[in-house]
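In order, the protein sequences belong to chains U and S. Residues 1 to 489, numbered by our numbering, are exactly what the first sequence covers, in order. Residues 1 to 250, numbered by our numbering, are exactly what the second sequence covers, in order.
To be clear, the hints were calculated from the coordinates, so they are not data collected in a lab. Cβ atoms here follow ideal geometry from the backbone N, Cα and C, with glycine treated the same way. Certain hints may be false.
Claimed, not checked - For lysine-lysine, the following BS3-like pairs were computed, each having C-alpha atoms within a straight-line distance of at most 30 Å: (1) S:Lys60 <-> S:Lys38; (2) S:Lys38 <-> U:Lys445; (3) U:Lys445 <-> U:Lys53; (4) S:Lys230 <-> U:Lys33; (5) U:Lys445 <-> S:Lys120; (6) S:Lys203 <-> S:Lys230; (7) S:Lys120 <-> U:Lys470; (8) U:Lys445 <-> U:Lys470; (9) S:Lys203 <-> S:Lys243; (10) U:Lys470 <-> S:Lys38; (11) U:Lys470 <-> S:Lys243; (12) U:Lys310 <-> U:Lys113; (13) U:Lys312 <-> S:Lys60; (14) U:Lys204 <-> U:Lys242; (15) U:Lys113 <-> U:Lys204; (16) U:Lys33 <-> S:Lys203; (17) U:Lys310 <-> S:Lys60; (18) S:Lys203 <-> U:Lys403.
What the hints assert, rightly or not - Only some residues are given here: those of chain S computed to face chain U with a beta carbon under 7 Å: (19) Tyr10; (20) Gly50; (21) Arg52; (22) Lys60; (23) Asn71; (24) Arg133; (25) Gln147; (26) Asp150; (27) Phe153; (28) Arg154; (29) Gln157; (30) Asn169; (31) Val182; (32) Phe226; (33) Gly228.
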Amino acid sequence: MSQATERPVLDPTIALPFHQAALPVLRDAQLRKNVAHAIDVIQTKRGRLVAEKTDWQELRSAAAEIRAHVLENLGTYLEQFEARCTAAGGHVHWASDAAEAREIIRGILRSEKASEVIKIKTMTSAEIQLNPYLEADGVNVFETDLAEIILQLGNQEPSHIVVPALHINRSQVREIFAKSMGRPELSDDPQTLTDAARRYLRRKFLDIPAAISGANFLIAETGGVAIVESEGNGRMCLTLPKTLIALAGIEKVLPRFTDLEVMLQVLARSATGERMNPYTSLWNGVTPGDGPQNFHVVLLDNGRSSILGKAKERQTLRCIRCAACMNACPVYRQTGGHAYGSVYPGPIGAILTPQLMQLQHAQSLPYASSLCGACYEVCPVKINIPEILIDLRAQVVDQERHKGSGIFSPLNVGLRIAGVLFSSAGLFHAAQRIGRIGARLFTRKDGWIHSLPSVGGKWTQTRDLRGFPKQTFREWFENRPAKIGTEGK
Amino acid sequence: MRASLFITCYNDTLFPETGRAVVFLLERLGVDLEFHPKQTCCGQMHANTGFRTEAFSQAKRLVQMYADAENVVIPSSSCVAMMRDQYPGLFDELGNQSLRSDFAALLPRVYELSEFLIDKLGVEDVGAYFPHRVTYHASCHGLRAIQLGDRPFRLLQKVRGLDFAPLPNLDRCCGFGGTFSVKNAEVSSAMMTAKLQDVLSTKAEFCTALDNSCLMHLGGAMHREFAGMKTIHMAQILASTEKSPMEAFA
């Protein structure tokens, strides 16, 4: 198999900086081919379905307004959700951080004496690293989303928030299934592989009495929860077990049931390029004799309220996890998700992860973007990702200044000097002349620079640089004999 | 009509031929062109790398410098995008009321080159002659930030002799990204390789754009790879005529 030999690290507290973590991926031809192919398929579908919606921009505005309104009144809507959900027979728990959330979930499973649990794909559970924690506590955790099964059985990490096994192709899936299920006869026909996954799952759905889900939306008005999915595994998890625990970020709430009209339209088209997702599950609390009788919602803060307090950054929390930004991102297209060292990759990960870490970790992520703006253009809730990336970069620089770390890196020293030079035309002009003389040392006979030291070497490792011209523009302009083309005027 | 040319720091230093072409072109069209000798940089490099204080002082200098200019023309979409997208935030945070109002007064008079030609001068046919096969790379700032739309295509269409070759995946970034090109040099290069495949597939002689920054990146790779294609700022195409082909100001 051609996956990068080392298992990628998706824990921002120990992950390598982005530019280093990207290297093994950039060398993995198979992985890059898989990522580009999968993204092209999704992008083509999304493009077609967004184009058919003549009011797409209005829908985006409506979705952005709903989400912005929620964030300005988050406390009110969360309390309303808690009251209504409790009244409908649910139990609401508040977790200020990952450790508290894990503890709450373990407590519920222990009180139910559950030694096995089935799961719907949930980003928040990956965020709090729930699976390894529960397994260490003796609970067998079974993912039920097809892609998550592939990753779990193959001992791999997700690389995308909607299509987590996007970096793996079907012949690689066959290898994983053949090995882990002990079925060497399997072919790489998608139907056969899906069938193998079904057989693997069926008994688990029927036998395991506890399930963990995330939540796409919480409805304040009704105390209800909404989950969208494609495979029906979610519907099984949400209806068959006796106990259900939904783990949701505090930002997931919507004011009214009818807000789903807007949100479900933008989500399905943005995420999977579908008019509507195949399965939408909506439920309120507990219904006697029907579905789980023991229903818990764990509301997770884990850094979110600190983001909420910042006017510009707050928009980060509008995110509905559609992944349109990573599908549109030219950086993600080359690196896939693992290089981001976080369960949230791509442009949204580059702004969300450092903020969830309160900039104590993942400081390289705000720089993991060429600021091309493709993410902002596709975002269904209009998160101005480039703006936040730049803002976070400024915070990283302020932090370095404060701590005195990183300020002596050649690039930072260069930028500081450039800051002084740009403050005066005289200094700038002098620097241009000195630069021109200095550049001669590196300029070859063909007039180009093929190799530079220090930061410049980062440029010349793949690109030449034309040598400095004999005259700057300003020297030419100030000394030119006369205006051109003014004859006859 | 009078216009003041903000040439930008990197064009001034590394691509004076682009500046000369803008002068040839605009003076040919009857514009009275000025050059403010105190100009340096718009602050973009500092702002985008997180050096907000430095960016602010450059932004402030620029606004004060051009307070009396009738129009400001900038042959770089990314520097125009810097002013439109980032100056307001910088001034809100670090500036005062008089700076904010000076900026608000200046902004409607700031034009990227193709905007100035089409929106202000009202010309699409600038009288250019450029008998070569050319493909156009839309820089991200030109495409998404300041939304140049079809302006570059309208200008190129009217150039006599020009054989236009459309670029596949036009909206995809070339990977330059300012300091991104050295901070994430390997990822930047991977993006560049993908872009070059598309650019070279056009079989053009020249790849043009309204930003020399992308072109420095793509042109540097073309030179390294012996790709047999050159980059050229669109100002140099538009300035070329039968009488004075591009060599006249190169």
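Checked hints:
Only pairs whose Cα atoms come within 30 Å are accepted, and Lys60 of chain S paired with Lys38 of chain S is accepted, the gap being roughly 13 Å. Between the alpha carbons of Lys38 of chain S and Lys445 of chain U the distance comes to roughly 34 Å, so the proposed pair goes past 30 Å and is violated. The hinted pair formed by Lys445 of chain U and Lys53 of chain U fails the criterion: a straight-line CA distance of about 57 Å is larger than 30 Å. Between Lys230 of chain S and Lys33 of chain U, the direct Cα distance comes to roughly 29 Å. Compliance with the 30 Å bound is thereby established for this hinted pair.
Using a Cα cut-off of 30 Å, the hinted pair Lys445 of chain U and Lys120 of chain S is violated, with the two alpha carbons roughly 43 Å apart. Only pairs whose Cα atoms come within 30 Å are accepted, and Lys203 of chain S paired with Lys230 of chain S is accepted, the gap being roughly 11 Å. Pair hint Lys120 of chain S plus Lys470 of chain U does not hold up; C-alpha atoms about 33 Å apart against a cutoff of 30 Å. Proximity of Lys445 of chain U to Lys470 of chain U is assessed by CA-CA distance (about 14 Å); at most 30 Å being required, the pair is judged to hold.
Annotation: proposed proximity of Lys203 of chain S to Lys243 of chain S holds, straight-line Cα distance about 27 Å (limit 30 Å). With a CA separation close to 21 Å, the supplied pair Lys470 of chain U and Lys38 of chain S stays within the 30 Å bound. At most 30 Å may separate the alpha-carbon atoms for a hinted pair to count; Lys470 of chain U and Lys243 of chain S meet this at roughly 25 Å. Between Lys310 of chain U and Lys113 of chain U the alpha-carbon distance is near 42 Å, which puts this suggested pair outside the 30 Å criterion.
Taking the CA atoms of Lys312 of chain U and Lys60 of chain S, the gap is about 22 Å. The hint holds against a cut of 30 Å. Using a Cα cut-off of 30 Å, the hinted pair Lys204 of chain U and Lys242 of chain U holds, with the two alpha carbons roughly 13 Å apart. For the given pair, Lys113 of chain U sits about 17 Å from Lys204 of chain U by alpha-carbon distance, which is consistent with the 30 Å threshold. Distance check on the hinted pair: Lys33 of chain U and Lys203 of chain S sit about 25 Å apart at the alpha-carbon level, within 30 Å; holds.
Simply put, Lys310 of chain U and Lys60 of chain S have alpha-carbon atoms about 26 Å apart, close enough for the 30 Å limit, and the pair holds. Note on Lys203 of chain S and Lys403 of chain U: the hinted pairing is violated, with a Cα-Cα distance of about 52 Å set against a maximum of 30 Å. Taking 7 Å as the C-beta contact cut-off toward chain U, the hint placing Tyr10 of chain S at the interface is violated, the least distance being around 10 Å. Taking 7 Å as the C-beta cut-off, the interface hint given for Gly50 of chain S holds, the closest approach to chain U being about 3 Å.
A hinted interface residue such as Arg52 of chain S counts as satisfied when its beta carbon comes closer than 7 Å to some beta carbon of chain U; here the least separation is about 5 Å, so the hint holds. Because the smallest distance between the Cβ of Lys60 of chain S and any Cβ of chain U comes to about 10 Å, over 7 Å, the interface hint for this residue is violated. The beta carbon of Asn71 of chain S comes no nearer than 17 Å to any beta carbon in chain U, farther than 7 Å, and the hint placing it at the interface is violated. This hint is violated: Arg133 of chain S has a C-beta 22 Å from the nearest C-beta of chain U, more than the 7 Å allowed.
For Gln147 of chain S, the shortest C-beta to C-beta distance to chain U is roughly 10 Å, which exceeds 7 Å, and the interface hint is violated. Interface hint status for Asp150 of chain S: violated, as the beta-carbon distance to the closest one in chain U is roughly 17 Å, over 7 Å. This hint is violated: Phe153 of chain S has a C-beta 19 Å from the nearest C-beta of chain U, more than the 7 Å allowed. For Arg154 of chain S, the interface hint is violated, the least distance from its beta-carbon to any beta-carbon of chain U being 22 Å, above 7 Å.
Interface hint status for Gln157 of chain S: violated, as the beta-carbon distance to the closest one in chain U is roughly 23 Å, over 7 Å. Interface restraint check for Asn169 of chain S: the shortest CB-CB distance to chain U comes to about 9 Å, outside 7 Å, so the restraint is violated. Hint status for Val182 of chain S relative to chain U: holds, with the closest Cβ pair at about 4 Å, below 7 Å. Given the 7 Å rule on beta carbons, the hint for Phe226 of chain S is violated: about 11 Å separates it from the nearest Cβ of chain U.
Interface hint at Gly228 of chain S: violated, since its Cβ lies 14 Å from the closest Cβ of chain U, which is beyond the 7 Å cut-off.
In summary, the numbered hints that this structure violates are 2, 3, 5, 7, 12, 18, 19, 22, 23, 24, 25, 26, 27, 28, 29, 30, 32 and 33.
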